[in-house]
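Heads up: the sequence shown is residues 0 to 214, going by numbering that gives the first Met the number 0.
Worth double-checking, as some hints may not be accurate.
Claimed, not checked - In silico PhoX-like links for lysine-lysine, alpha-carbon gap of 20 angstroms or less:
#, residue 1, residue 2
1, K144, K97
2, K106, K127
3, K144, K127
4, K127, K51
5, K127, K97
Hint data in this document are derived by calculation from the structure and do not stem from the laboratory.
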Amino acid sequence: MSNPYLNMINSQDTALVLIDFQPAMFQGVESHDRLSIVHNVQVLAKSALVFKLPVVISTVAKDSFSGPFMPEVTELFPNLTVIDRTSINAWLDDGFRKAVTATARKKIVLAGLWTEACVMFPTLDMLKEGYQIYIATDACGDVSKEAHERAVQRLVQAGAIPVTSLQVCFELQQDWARGETYEGVMDILRAHSPYGIQVRFSKWALGEHASEGKK
Numbered sequence: 000m001s002n003p004y005l006n007m008i009n010s011q012d013t014a015l016v017l018i019d020f021q022p023a024m025f026q027g028v029e030s031h032d033r034l035s036i037v038h039n040v041q042v043l044a045k046s047a048l049v050f051k052l053p054v055v056i057s058t059v060a061k062d063s064f065s066g067p068f069m070p071e072v073t074e075l076f077p078n079l080t081v082i083d084r085t086s087i088n089a090w091l092d093d094g095f096r097k098a099v100t101a102t103a104r105k106k107i108v109l110a111g112l113w114t115e116a117c118v119m120f121p122t123l124d125m126l127k128e129g130y131q132i133y134i135a136t137d138a139c140g141d142v143s144k145e146a147h148e149r150a151v152q153r154l155v156q157a158g159a160i161p162v163t164s165l166q167v168c169f170e171l172q173q174d175w176a177r178g179e180t181y182e183g184v185m186d187i188l189r190a191h192s193p194y195g196i197q198v199r200f201s202k203w204a205l206g207e208h209a210s211e212g213k214k
């Protein structure tokens, strides 16, 4: 029997599922800096765009309580229908299940708010259905560090695989010689990572600034 923890994701067998990145849900997050989650969700979404992964986006009680899904993500996928639910467990929603099934992918990178409920509940059910779930833990958040950490611990015990958002991006890229996706990945790093700040400084220091100093 193969060890699922040894399996890397790739653009042919993986889909991205994002759940409940909405104003009301962000408001309760105390486990992480909320801005870091905003950046990490964009890393996932932009990686999916660069590598052409199928994407499923879902909200809970969008019009009555939680508000719209973060526009930084939905604007990347203007033709994608966001699935709104009433259930805490997205897997109980018929539209959500159909959307995930329609991706025809058994490896799912998943992130959402909050980890102990809207991430954990569907993940447990999807694991039972034979999906291999990769939880981007740095793009999730909960009401406390304890809540987030215990949820991740339980998810790992159940068979989910913890990853970070940039890890997903790098795992998809694999080789910097892949020219067709290189600039897309570099754009993600420049916009959403400390490395991007260093790139900007180096370009200035070794380029424009150095040229000015020689005048």
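- [ ] If any of the earlier hints don't hold here, list their numbers in rising order.
- [x] Hint check: 1, 3 and 4 fail, others pass.
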